[in-house]
Structures are given as C-alpha cells and as structure tokens.
Amino acid sequence: MSVIKPLPRWADLILLPFINLCTAFFVCGIVVYIIGENPWDALLVMLKGAFIYPGSLGYTLYYTTNFIFTGLAVATAFHAKLFNIGGEGQAYIGSLGVLLAAALFAQYLPSLLVIILCICCSALFGAAWAIIPGYLQAKRGSHIVITTIMFNFLASSLMVWLLSGILMEKGQQSPQSNLLPESIRLPKVQDAFEFLGVNISSSPMNLSFIVALIALLLFWILIWKTRLGYEIRAVGKNQDAATYAGINVSRIIIITMTISGAFAGLLAVNEVMGVQNRVILNYTAGYGFTGIAVALMGRNHPIGIFFASLLFGVLFQGGTELDFEFQSITRDMVLLIQGLIILFSGALAYMYNPTVSKIFSKIEKRSKKNG
Amino acid sequence: MADFFLQILWTLDATLRVATPLILCAMAGIFSERSGIVDISLEGKLLSGAFVAATIASLTGSAWLGLSGAIIASVLMSLLHGFACITHKGDQVVSGVAINFLASGITVILGIAIFKRGGQTPTLNLNERFRPIELWFTESINNIPIIGTIYRELISGHSLLVYLALICVPLASFILYRSRFGLRLRAVGEAPIAVDSAGVSVTWVRYRALIIGGIFCGIAGAYLSISHGAFFLREMSAGKGYIALAAVIFGNWRPVRAFVACLLFGFLDAVTSRLQGVDLPIIGEIPSALMIALPYILTILLLSGFIGRPTPPSAIGVPYKK
Chain B
1 MSVIKPLPRW ADLILLPFIN LCTAFFVCGI VVYIIGENPW DALLVMLKGA FIYPGSLGYT
61 LYYTTNFIFT GLAVATAFHA KLFNIGGEGQ AYIGSLGVLL AAALFAQYLP SLLVIILCIC
121 CSALFGAAWA IIPGYLQAKR GSHIVITTIM FNFLASSLMV WLLSGILMEK GQQSPQSNLL
181 PESIRLPKVQ DAFEFLGVNI SSSPMNLSFI VALIALLLFW ILIWKTRLGY EIRAVGKNQD
241 AATYAGINVS RIIIITMTIS GAFAGLLAVN EVMGVQNRVI LNYTAGYGFT GIAVALMGRN
301 HPIGIFFASL LFGVLFQGGT ELDFEFQSIT RDMVLLIQGL IILFSGALAY MYNPTVSKIF
361 SKIEKRSKKN G
Chain L
1 MADFFLQILW TLDATLRVAT PLILCAMAGI FSERSGIVDI SLEGKLLSGA FVAATIASLT
61 GSAWLGLSGA IIASVLMSLL HGFACITHKG DQVVSGVAIN FLASGITVIL GIAIFKRGGQ
121 TPTLNLNERF RPIELWFTES INNIPIIGTI YRELISGHSL LVYLALICVP LASFILYRSR
181 FGLRLRAVGE APIAVDSAGV SVTWVRYRAL IIGGIFCGIA GAYLSISHGA FFLREMSAGK
241 GYIALAAVIF GNWRPVRAFV ACLLFGFLDA VTSRLQGVDL PIIGEIPSAL MIALPYILTI
301 LLLSGFIGRP TPPSAIGVPY KK
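Residue numbers (the working numbering), protein chains in the order written: chain B, 1 to 371; chain L, 1 to 322.
Take the hints with a grain of salt, since some may be wrong.
Claimed, not checked - Just so you have them, the derived chain L footprint on chain B, three or more residues with Cβ under 8 Å:
id : segment
1  : 132-145
2  : 149-155
3  : 320-330
4  : 336-342
5  : 348-355
Simulated from the structure, these hints should not be mistaken for laboratory data.
Here a beta-carbon is modelled for each residue, glycine too, at the ideal position from N, C-alpha and C.
Just chain B, same shape as in the assembly (with noise of 0.2 Å):
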C-alpha cells in the first residue's frame, strides 16, 4: 500500500466535504432521472421553494433552527467518540421540561422569566434522558449506541402513554397536549419585525433562532475554549492518553452525554414553545435523526454545523414544495438525499482521498518542473 500524503488543510475541510456532497446529489439526480423527472428542475423547484416564494424563507430558517439543536446534540458527543443516536427521544422528552416548567410557573412569574426557565427546563429534561445512556456507558460498559436507540423507543412510548392520558388535552381525541399559556410562547419573527416597523409575510420562524444562535457560540466556547472542553476532545481522541493525563473518562462521558442531551432537548424549545404551542405526537418528526447527518455534514464545528442546518432547512422546505410541482416526487426525496449525505459525508468520508491526493501531488510536481 502507498503512503497517502496528508492534504492540505482546506482541501480537507473544504474540498473533500463539497465532492462529498456532490456526490450525494449527483446519485439522488440519477434516482431522480430514473423516475422520470427532470433533476435540473426539481433542484430549480427545491431553490425557489426554499428561498424565493413569500415567507419560504422563513421557514427554512425555521428548519435551520431544528437542525442546528440536534446538530449540536451529535457533535458534542462526537467530539467524546461517543455516537448518540438518541437525540430524537431526547428532543421528545425535552418537551415535558417545557410543559412541567409552563405549568408551575407561568400563572405566578413574570412571562420573561418563565421562558427562560422552560428553555432551561427543555435542555434539562433533554439531559436527563441522555444521563442513562451516558452513565451505562461510562460505568457499565453497554454501547451507547444500542442503549440510547433503545432510549428513542422508551421516550416514544412513554410520550404514546403520557399524550393519550395524563398530558391529554380534555374533550379531545387526538393525543396532544393543552396549548401553552400565550405569555410563554415565542414570539414570531414577523411579529418582531412588524414591531420596528416593517412587514414581512408570516411563517413559523421565531425568536428561538437566537437561541440556536446563541448554543452555536456556547458550543464553539465550550469545545475549544475550556478546560472541560479540552477533556471532551482528549477522550475522543485517545481515552487511555487521557487516563494517563489524569482525566476522569466515566466523568466526562456522562458530562459530554448530559450536554449533548441538553442540546437536543432545546428542539422543544423552536417546535413547542415557537411553533405548535403545545406538544403533539411524534412532534420531533425524524428532526433528531437528521442532527446525524449535520453533524456529520458539519465537521463538528460550529461554522459547518450552521450551514449543514441551513443545508437541511433548504432541502426539508424545498422538499415540500417538490410535492406540489412533481407528481412523483415527495419530499421522501429528502430522506434518499439524507442517507446519501451520511453516507457518503460520514461513512464513506475518505473515499475520495487518495484519488484527492494524488492529483495534489501531481499539480506540486508540475509546478516544480514549471517553476
């Protein structure tokens, strides 16, 4: 086998992921193809449904917020070498914080303070549900990826149990909880740009995108920027090297899964207290699952985590407008193009490296034989 030469640093961050998801689309345009579309205009559709239409820009912010939650939520365990599958359940779970926070509190503080302790409670409860997985992982020895896969299942059922019964809205049907007090939900991003002034057409996009903000620069702070953080990393790359350096590994497993919980729980804060109001089943809607493939997508880093977001705004709303334009395309579409992107951005993320490489070396021994 030949050595390959390292990359340069952009051709890996930037080069290798865009052929990466070139890739991606080009085999989801072949599917296209062979359905019988054509996969220049459903991409042309997929834009204009994402940007141009009135307040379908909106909307893919709207996505983009989701995503960035449940992006976080696998990159922060990522960085841990931990694979947490679980965001979806932990995401559901972190709904209850919102309902349990809005139900004590709302009638006796002021509004303000409310919102700020169900956005707190949501990553709470999002964290609780990722603290089992992390500390079986951590003092038991059970992989944290059939665990917490086992973990979406119990929130499922648990949340099935909770909405049918106690959580029920009264004289209704469908299982779904009470709306939240107004006072609490978030405001829209219209309603604050028709405050300073100016109109802009509705949609869901609310203030919890400064939030997502917001965890993008915590995340940033706290991987890069503190000792925790370093520990973090220091695990992930080599846990005997961090024994020997004096680490606590069990500790930091569970501290990495608590904070990747707590990310993703903050899913309920965008969807229940921006969007629906109230907790619905199955509400997460896969949003958790697609945080794989943004973080994957993503390099881990906030910067990347942020576009793939934005990446997976554009495909999910676009997506939708696929099902009006197209008879045989769905916005199903966009799962193919999900798995396509974890496999060809995750698993298959070096496939193209050699070849990469040795056009590198190539151009290099040109330009020397040139220069």
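Place chain L on chain B using the hints.
Okay, now just chain L, sitting in the frame of chain B:
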C-alpha cells in the same frame, strides 16, 4: 377450560407469526456482528426487502420472484454496507444509519413512481403471496385430544417462510459452530489479525457474513409484505430490525438464545394485542405502551449487566487495518 386452552394456542400462534421476521433478522445480525461488523442496518434491509418483494410479486404475479427480488435487494444493501465499512473502513454505525435512511427514502419514492398510490403497493391476491400451508396428517391426527388441536392450531397452517425461519436457526448454529467458514467467521470477529496471519482474507470472510445476513433479511422482508401482509406500506418494518438487534444482544450473539429472545419479544407483542382493553383480575388493564416498551427495557437492563453479562465479539465495530 377448552376455550382458555384455545386462547393460549392462538396467542402462541400469533407469537410465531410476529417472531418470524425477528428471528430471520436476528440470525442476520448474528452473522454480521459475529464477524465484527455492527449491523444497525437490519431495519433498512428488512424494509427494502419488503418493498421489492411486494413490488415484484405485484408486477409479475409470482411470490417466488418476489422473494428472490427481496433477497437480491437486501444483499445489495449489505454489499453497500460492506463497501463503506469493510473496503473503505468507514464507521459501521454511520453506514448503518445511512442505509436505514436510504431504505426509508427509496422505497417510498420508487413506490410512488411505480404504483402512484402514495408509497403503498396494490393489495396482492392469494396467488401472489405465500399462503398458509397445511402440514401432513393434520386431518388424521385432528381427533387426538390436545395433540391434535395443538398440531392444527399452532404447528400447521403457517406460510412456508415461517418454517424457513425456524429451519434457519439450527442452520445458522451449524454454520457458525460446525463449519470451517463459521470458525473463521467467529475468529474474524474476535481476533482478525490472527485470521489474517493464517492466510485467510478478513475482508472476504466479512463480506460473506454480510451477504448471508442480507439473504436472511431479504426473506424477512418478503415475509412482511407478501406472506404476513398483502402489500407494502411505507415504514412497514416499524422498528422490527432494531428489536431483532436487541434480540441478538439478548441472546448474547448466539443463534439459539437469540431465537428464544425473539420468541419472548414476539410473545410480548402477541399478548399486548390480545390484552388490549382487557381488564385483568387484580392488576387491571395493562397499559399497552408499557408492553411495547418492555423488550427495550429488558435489553437495556441486560446490557447494563443487571441480568447476566453480555459478551460481544471483541473486534466488533473496529475496521480491520493491515
């Protein structure tokens, strides 16, 4: 009394029907995981198998062609998994998750493109499916009390694929523990470097393990859509692949024990649907959410060492690098 006896038999009968796809997927999981490859993608293979089986059966009218198609589709998924995590040494969990997404997406997209029914395939008639088969002597021993009833209600009258699943368990056991290939497969999952130094290709053994797993999952998928059910529905696998994975762990990566775990999980499922809305003496009505969650709770307890200690293959999840 006789009624109660029949109730139990019907529950056990339902157990077998529900457990069949679990058994097949669990055997697939065992082959893959014993060779050192984490197989989250059981779910996706099951789903794609179910889709292709129903599609081909509906287009050609032949259940056998449907089954073959399901196996081919599922094996192709396996090969993709292998390409990513054996050939390119990618992360096995990531690749598995990718395959599950691919399967969810592509089955619905193609389903809509072919049949234009929102992802569902047309309902298959009896000739396009694997029908229940009456085993030999059902008539003649029908009159023997108890045994006759058990034979008629529980043992006879399943589709061919159910019996196939039952045969797969001793078969898997035999391959794993009594054949040369099985020895190598287990060795690759424990210490690939030892197998490599003995001159056996780790890559090829792992690929074969995945292909065998693909065949099992394909049969399971066909069972879902053209034997147990009569059409394909989006997300029809509904987490069965993950339950099978739980059964693999529950059975400590051994075929017979995993088979028992599948029966247990199937039994829980069958009892749940039978007890829906029934008031039991003393305990009252059991919440079905709890029953549905029970396999997961049991698996978590087992994994955390509260009931026995699982011993996964040592080299699981680690790509082999020379």
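Checked against the structure, which of the hints given earlier come out wrong? Violated hints: none; all satisfied.
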